[in-house]
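**Student:** Chains as they are written, first to last, in numbering that gives the first Met the number 0: chain B, 0 to 486; chain V, 0 to 459.
The hints are simulated quantities; they were obtained by calculation from the structure and are not laboratory data. Be a bit skeptical, because a hint or two may be false.
[Unchecked claim] Computed beta-carbon distance windows for the label pairs: (1) V:Lys-337 / B:Gly-180: 56 to 62 Å; (2) B:Ala-225 / V:Lys-337: 30 to 36 Å; (3) B:Gly-224 / V:Ala-139: 53 to 59 Å; (4) V:Leu-338 / B:Gly-130: 44 to 50 Å; (5) V:Lys-371 / B:Glu-329: 48 to 54 Å; (6) B:Ala-25 / V:Gly-259: 28 to 34 Å; (7) V:Asp-32 / B:Thr-486: 22 to 28 Å; (8) V:Lys-337 / B:Leu-422: 36 to 42 Å; (9) V:Pro-288 / B:Arg-384: 27 to 33 Å; (10) V:Asp-197 / B:Ala-150: 51 to 57 Å.
Predicted model, so just to flag it, every value in this text is computed and none were measured. Glycine residues also receive a C-beta, built at the ideal position from the N, C-alpha and C atoms.
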Amino acid sequence: MSSENRAPHADPGLVYPPTPLDAIDAQLAGRLLGVALSTGGEHADLYFEYQSASDFSFEEQRVRTVGRAITLGLGVRVVRGEATGYAYTEELSEERMLEAARTASQIAAQGKPTAPVALTATKLPSFYPVGELSSARAGEDKVALLRRADAAARAFDSRIIRVEAGFVEAWSDVLVISSEGVMARDRQPMVRLAVSAVAEEKGKRQTGRSGTAKRRGLDLFDESGATPEDHGREAARLAVAMLHAEEAPAGPMEVVLAAGESGILLHEAVGHGLEADFNRKQTSNYSGQLGKQVASPLCTVIDDATMASARGSINVDDEGTPGGRNVLIENGVLVGYMQDRISARHFGTKPTGNGRRESFRQPPLPRMTNTMLAAGNDDPEDIIRSVARGVYAKRFSGGQVNISNGDFVFSLTESYLIENGKLTAPLRGVNLIGNGPEVLRNVTMVGHDFELSDGTWTCGKDGQSVPVGIGTPTVKISQITVGGTRT
Amino acid sequence: MSTHDGKRVAADPRSCQDLAEHMLTFALRAGADGAEVLVRDGAELQVKVRKATPELVKEAGSRGLGLRVVKDARAAVTYTSDFASRAMQKFAEESVALCGLAEPDPWAALPDREEMARATPELDLWDESVLSLDVGQAIAHAKSGEAAAMGFDPRVTNSDGASFSRGIGAVAFATSAGFSASYRGSNVSLVVHPVCDDTDGKKRNGYYWTSSRFVSALEPSEQVGLEAARRTVAKLGSRKLATCQVPAVFSPESARSLLGQFAGLISGGAVWRKGSYLADREGTAVASPLISIVDDPLLPRAPGSRPFDGEGLAVRPNVVVSEGVLRTFLCDVYAARKLGRKSTASAGRGLGGGPHVTTSNFILRPGKLSAKEVANVEQGLLVTELMGFGFNPVTGDFSQGAAGFWIEKGEVAYPVSEVTISVNFDDLWKGIDAVGNDLDTRSSVQAPSLRVARVTVAGS
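Construct all of the structure, not just a fragment, from the sequences and the given hints.
**Tutor:** This is how it looks when you write it as C-alpha cells:
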C-alpha cells in the first residue's frame with residue numbers, strides 16, 4: 000500500500016458530531032462497574048457504542064434506495080476465571096444499564112465484591128485520522144460516485160448488460176471502560192464502494208466485482224486506483240474476461256498467488272489457527288507449537304492493526320488494549336498468538352490488542368486486524384517464469400478454514416493457467432483446498448512486491464463479523480490441490 | 000405511548016404492533032405516500048459450557064424498528080431502536096426527507112391493497128415453556144450433552160464446548176397498504192462440539208445439534224452428545240483421495256447446503272437481475288425428474304413458518320420444482336413487477352433493509368429409498384460437509400471443499416478430507432439418480448440424502 004500524504008491529525012471532537020456517549024462519565028461508569036463486580040467477578044468491562052450508517056444502492060442507472068441506521072447500546076461483561084457473563088441494553092437509562100450489569104454479574108455467584116480501580120482516560124494512537132467525515136458531505140456527492148462507477152462500467156464494453164453499485168458510510172463512537180481503570184474512547188470511520196457488472200455474449204453470462212473499503216473520508220475516491228471509474232472498469236473487465244474462461248484442471252499443482260488479495264491464504268491457512276482462544280483450548284492445529292518451525296523459513300506473518308487507514312486497523316481493541324503490530328510467524332517459526340484478555344491471562348502474557356467484537360451485543364474474541372505475509376526477495380516475474388505448468392491466482396471471493404485440522408479452502412474468481420512460465424488461458428471459478436501448515440511449508444518463493452488488498456473484506460467467527468485487511472507479495476506454492484473439472 | 004414502561008414484557012406482540020402503528024402514523028403525517036413498519040422485540044439466553052464449566056452466560060433483550068417510506072416513487076429504508084415518542088416522530092420526518100436522495104422508481108410503490116393478507120393464520124410457533132428455562136437448566140442441558148460426548152469413546156480427547164440457547168421474539172408489521180398484524184415465536188437449541196486427536200497429529204472436530212420451536216421436541220441432550228461424538232470419531236484416519244470422477248452421495252446436511260444455493264437461483268431478485276443461470280428457464284427441466292421442491296410458510300411448528308410475508312401479503316405454499324420442472328420463481332412485489340407477474344408472497348424483511356425474496360420452509364420432497372440404499376454404489380464419495388464459497392450463480396460453476404467417506408460396494412470404507420468436488424450445478428441437479436426418505440427437518444431448508452451420478456473429485 001502506498002503511503003500518501005494525509006490531512007494533519009484533526010481533533011476528533013471537531014470532525015465527529017456529538018453522541019449520547021458524551022454523557023457517560025467516570026462516576027456513572029464506576030457505579031456500573033461496582034454492580035458488575037458485586038458478586039465476585041475478577042474483571043468487568045463496559046462497551047458503549049454509537050454507530051451512524053448510511054447506504055445508497057444504485058441499479059438500472061438510478062438510486063434505488065437510500066438507507067440510514069443509528070444504533071446505540073451498552074454491553075457489560077463480567078469475567079471470572081475463563082467464564083464470561085454478558086448482557087446488553089439498547090436503552091442507556093441508568094436503570095437499564097444497572098440491570099445489564101446485574102445480569103452479567105450472575106456468572107460469579109458466590110464471591111466477595113471486587114473494587115474497581117480509579118478510571119483514567121487512556122491515550123490512544125491515531126491510525127485513521129479523517130479531515131472530513133463522509134457523512135458531513137451532501138448526499139448528492141455520494142450519488143455522484145455511484146453514477147461515475149456505473150457509467151465507467153457500462154462504457155467499458157458493449158457486452159456489459161447490467162451494473163450495480165453500492166456505497167456505505169459508517170462511523171462508530173466507542174467507549175471501553177474496564178475495572179482495571181481503562182477508559183478508552185475511539186471514533187472509527189469507514190467508507191465502502193462496491194461495483195458489480197454482468198457481461199453477456201451469445202447467451203453466456205459472467206459477472207465481475209470490484210470494491211474498496213477503508214477508514215477514510217470521501218477523499219479516498221479522488222486517488223488514482225481508487226476512483227469510482229477504476230472500480231467500475233475493473234468489475235466490467237473481470238466480467239468480460241471471464242466470458243472466455245476455460246475449465247480449470249483438477250489435482251495437485253504449482254500455484255502462484257498474486258500480490259494483494261491472495262493474502263486470504265494467510266488469513267485462512269494460519270490466521271484463524273493463531274487466534275489464542277483456540278490454542279488455549281487446544282483445539283487449533285497450532286496448539287503447543289510456539290517456538291517451533293511451522294512454515295517455510297521464507298514466511299514471516301504479521302497481524303498489524305497500525306496500517307494507515309486500512310480496513311482492519313484499530314486504535315484500540317474492544318476491550319481497551321491499544322491496537323498493535325504483532326509478529327506471529329518469524330522466518331517460519333511460530334512466535335506468538337493473537338491474544339484477547341482472557342487468553343493472555345491463561346498464557347501469562349499481555350493482550351495484543353486483538354480482542355474484537357461485532358457490536359455491543361457480543362463479547363469480544365481474539366480476532367485478526369490486517370493479516371499479511373511480509374515481502375521476500377524474489378522478483379514476481381521470475382516467480383511466474385519458474386512454473387512449467389500451474390495456476391496463477393489473482394482474485395478471490397472468499398475462504399474458509401477448519402481450525403482443528405487446518406484444512407482450508409479459498410475460491411478464485413480470476414485465475415490463469417501458467418504454461419512454460421507464461422500466463423495463458425483464463426480459468427473458470429475454481430476452489431483451492433489445502434492444509435494450513437502443509438501449504439506454508441510448501442512456500443518456495445516470496446516476491447518483493449508486498450501489497451495490502453484494499454478490498455471489502457469481512458471475517459466471520461462465532462456468528463460475529465468484523466472488518467479485516469489482508470495482504471501478501473507474490474508467492475509460489477510448490478503444491479496445492481486445484482479443484483477444477485479437467486482430470 | 001410511554002416507552003419508559005419499567006418492567007416491559009419481552010416479545011409482546013400487541014405492544015410491538017402498537018409501536019408499529021404509531022410509527023406508521025408519524026410517517027404518513029411526515030408526508031410519506033406509503034409506509035411500512037416492522038418492529039421486532041426479542042430476548043435471548045445463551046450458555047456455553049466447556050469441560051463441564053460454564054464459559055459464557057449471555058442474556059439480553061433487544062428491540063428495533065425498520066421503516067420503509069415511499070414519497071413521489073422514491074424509497075428510503077431506515078432503522079432505529081429509540082422508542083421515545085419524540086424521537087420516533089423525528090425519525091419518521093428524517094426518513095421521509097431521505098427519500099429526496101433516491102430517484103423515482105416506478106416499481107417502488109407499496110403492494111396493492113387487494114394483495115394484502117386478511118387474516119393471520121395460527122401456526123403454533125410459540126411454546127410458553129421456553130420462558131421457564133432458566134440459566135441453571137440451560138447449563139444442565141449443555142453439560143449433559145458434552146458429558147455424553149466425552150464419555151462416548153476414549154478417543155474423544157477434547158471439547159470445543161456445548162451451547163444451549165433459547166430465544167423468543169415478537170414480530171409486528173403495519174403498512175399503509177392496509178394491513179397490521181403481529182405474532183410471536185420461540186426457539187430452543189443445543190449443539191455439542193467434541194474434538195479428537197488423530198494419529199497424524201491433526202485434530203478432528205465434529206458436531207451435532209438439535210433445534211425446535213418447542214422444548215418438548217428437542218432431542219435429548221445425551222443423544223445429541225453421543226451423535227456428535229459418533230460423527231467426530233468416524234473422521235479419525237481421514238485421508239485424501241486420488242483425483243477421480245465418481246458418483247457422489249450427499250448426506251441430508253450437505254444436500255441442504257446444495258438446496259440453499261439452489262434457492263438463490265430461483266429468487267425473483269436474482270432472476271430479473273440476470274444473476275441466475277436459471278433466469279430464462281421457467282417451465283423447463285432444471286433437475287432430475289426425481290426432484291420436487293416446495294416452499295411452504297404454513298407448516299405448523301416449523302422453523303421457517305410465517306403467517307404473512309415481509310410486505311404483509313397472505314402466504315401460501317409455492318411448488319417451485321415439480322418432477323424436475325421449474326414451475327415458478329419466488330417473488331416479492333418488486334421482483335414480480337419487474338417480471339410482469341404477481342408476487343408469490345415470498346418477501347422477507349429484516350430490520351436493517353427493505354423487503355427482499357426469502358424462502359420460508361424450503362423443502363426438497365423426500366423419496367422412497369433409505370440412506371443406505373442411496374449410498375449403494377460400487378465406488379463413490381459420501382459427502383457430509385461442504386466448505387467455502389465456490390459457486391457462481393450466473394454460470395453454475397460449482398467447486399467446493401468437501402469431506403466425508405469413501406464408499407466401496409455400498410459400505411463406508413474410510414473417512415476422506417481435503418478434497419474438492421467440482422461439477423456444473425445444472426449437471427449436478429439433472430444428474431441426481433436417487434433421493435432418500437431421510438428428510439432432515441431441523442432447519443428451514445430441508446433435504447434428504449441425494450445421489451449424483453458423476454462429479455470430479457480433486458485430491459492428491
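**Student:** Look at each hint and say if it fits the structure.
**Tutor:** Here's how the hints hold up against the structure:
1. The hint said 56 to 62 Å for the Cβ distance between V:Lys-337 and B:Gly-180, and at roughly 58 Å that hint holds.
2. The beta-carbon spacing between B:Ala-225 and V:Lys-337, approximately 32 Å, falls within the hinted interval of 30 to 36 Å.
3. Between B:Gly-224 and V:Ala-139 the C-beta distance comes to about 57 Å, which sits within the given range of 53 to 59 Å.
4. Checked against the hint of 44 to 50 Å, the C-beta distance between V:Leu-338 and B:Gly-130 comes to roughly 46 Å, which is consistent with it.
5. In this structure the hint that V:Lys-371 and B:Glu-329 lie 48 to 54 Å apart at CB holds, the actual value being about 52 Å.
6. Between B:Ala-25 and V:Gly-259 the C-beta distance comes to about 49 Å, which lies outside the given range of 28 to 34 Å.
7. For the pair V:Asp-32 and B:Thr-486, the beta carbons lie near 59 Å from each other, so the given range of 22 to 28 Å is not met.
8. With their beta carbons about 40 Å apart, V:Lys-337 and B:Leu-422 fall inside the hinted range of 36 to 42 Å.
9. Evaluation of the 27 to 33 Å hint for V:Pro-288 and B:Arg-384 yields a failure: the beta carbon distance comes to about 52 Å.
10. Our hint of 51 to 57 Å for V:Asp-197 and B:Ala-150 holds, since their Cβ atoms are close to 55 Å apart.
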